[in-house]
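Engineer: Sequence:
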Amino acid sequence: MFKLTSSPHIHSGKLTARIMLWVIFAMLPALAIQLYFFGFGVLFQIALAISCALILEFAITKLRKKPALFYVSDFSVTLTALILAMSIPPYAPYWLILIGTFIAVVLGKHVYGGLGQNLFNPAMVAYVVLLISFPVQMTGWMPTISLLNEPPTFMDSFSLIFSGVTSDGFSLSQLVSSIDGITSATPLDSAKTLLKAGGVADTISALPIFMDHSQFALGWTQLNIAFLLGGIFLIWKKVIHWQTPVAMLLMSVIFTGAIELFGNSHSLNLFGQLFSGAMMFGAFFIATDPVTAPVTPKGKWIFGALVGFLVCLIRQFGNYPDGIAFAILLANICVPLIDQYTRPRVTGYGLNRKG
Numbered sequence: 000m001f002k003l004t005s006s007p008h009i010h011s012g013k014l015t016a017r018i019m020l021w022v023i024f025a026m027l028p029a030l031a032i033q034l035y036f037f038g039f040g041v042l043f044q045i046a047l048a049i050s051c052a053l054i055l056e057f058a059i060t061k062l063r064k065k066p067a068l069f070y071v072s073d074f075s076v077t078l079t080a081l082i083l084a085m086s087i088p089p090y091a092p093y094w095l096i097l098i099g100t101f102i103a104v105v106l107g108k109h110v111y112g113g114l115g116q117n118l119f120n121p122a123m124v125a126y127v128v129l130l131i132s133f134p135v136q137m138t139g140w141m142p143t144i145s146l147l148n149e150p151p152t153f154m155d156s157f158s159l160i161f162s163g164v165t166s167d168g169f170s171l172s173q174l175v176s177s178i179d180g181i182t183s184a185t186p187l188d189s190a191k192t193l194l195k196a197g198g199v200a201d202t203i204s205a206l207p208i209f210m211d212h213s214q215f216a217l218g219w220t221q222l223n224i225a226f227l228l229g230g231i232f233l234i235w236k237k238v239i240h241w242q243t244p245v246a247m248l249l250m251s252v253i254f255t256g257a258i259e260l261f262g263n264s265h266s267l268n269l270f271g272q273l274f275s276g277a278m279m280f281g282a283f284f285i286a287t288d289p290v291t292a293p294v295t296p297k298g299k300w301i302f303g304a305l306v307g308f309l310v311c312l313i314r315q316f317g318n319y320p321d322g323i324a325f326a327i328l329l330a331n332i333c334v335p336l337i338d339q340y341t342r343p344r345v346t347g348y349g350l351n352r353k354g
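Per numbering that gives the first Met the number 0, the sequence shown runs over residues 0 to 354.
Simulated from the structure, these hints should not be mistaken for laboratory data. Don't be surprised by glycine CBs; every beta carbon is placed ideally from N, CA and C. Keep in mind that a hint or two might mislead.
[To be verified] DEER-style ranges, computed between Cβ atoms:
no., residue 1, residue 2, range
1, Ser170, Phe57, 29 to 37 Å
2, Phe153, Leu106, 27 to 35 Å
3, Leu312, Pro335, 37 to 45 Å
4, Leu53, Asp167, 27 to 35 Å
5, Lys236, Gly256, 28 to 36 Å
6, Glu259, Leu14, 26 to 34 Å
Construct the entire structure; sequences and hints are all you get.
Structural biologist: This is the structure we're talking about:
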């Protein structure tokens, strides 16, 4: 006796686990860049996030009487934890990533029924909750370790995350206090502060590899380039669709061009807009989430453009320096409506038939 299912009976071979592994693989260059510029704290945050996520995934699926090993082995929760861990400061306290992982797995994913049923990107749900609840810890980014007189060692990184001080008793603020004019805020935050104070966009471009005066942005441009290359790889492997990231970046270009056209010097220039903050990370690895993004090609264009517009709007006029997480969550709300009005017309729909 055969089990009958509705057509079409087409299998693309793209298993969930395989897709997740390709995305994780594409993130490895950016992970290497982040590790090189910001130290071993990145590894500890990732280890904490993935360990906590796997335990939570196993426990919750057991409680829901689902095959726990099957869901753990699809690597979806591993990818969620990796995205969250790479989004927070490398030396944030250990409890921050544990709380964030709990929010992502439980409140961002399983309260909706698990993978494929969540309305919002789980990692971004956790990020926004952490940012609003713990703004000091979430904005405690340190400059690249090459600028520090005493870069934290492997054990110093462990001690900073779990106790708040290094093995020598130095806090994170004390480690960066010797660097003139550099705070623990992100370069995008520093740029926005300077712009509001009357700075000129061209003098704070996020292009440290060509401009010596942008040392405070060292590492961030390279990180965005790594995410860009990883995203291109995913498009080449047909793991993600190109419409969403292209629409998002194109809208950013249009928005920035319009601002500059009207003579507003108190804004990021084009390169600073595209290669600072989490622009490339959001465009290729977060906004392209197949569960929380539209399914139609036209819908992907609209969704990407909406995210790009909201990111630039928040960066230009909002209180937060980067608006990736807020923009994606707001756009996620619109996905059902976008899908509703961009569905292809059924063949033969609207034809007048006689008889």
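Engineer: Compare the structure with each hint and give your call.
Structural biologist: Structure-based check of each hint:
Restraint check, serine 170 to phenylalanine 57: a C-beta distance of roughly 36 Å satisfies the suggested window 29 to 37 Å. For phenylalanine 153 and leucine 106, the hinted distance range of 27 to 35 Å is satisfied, since their beta carbons lie about 33 Å from each other. Roughly 22 Å separates the CB atoms of leucine 312 and proline 335, a value that falls outside the hinted 37 to 45 Å. The hint said 27 to 35 Å for the Cβ distance between leucine 53 and aspartate 167, and at roughly 34 Å that hint holds.
In this structure, lysine 236 and glycine 256 meet the distance hint of 28 to 36 Å, their C-beta atoms being roughly 32 Å apart. The hinted window of 26 to 34 Å between glutamate 259 and leucine 14 is violated, with their beta carbons roughly 46 Å apart.
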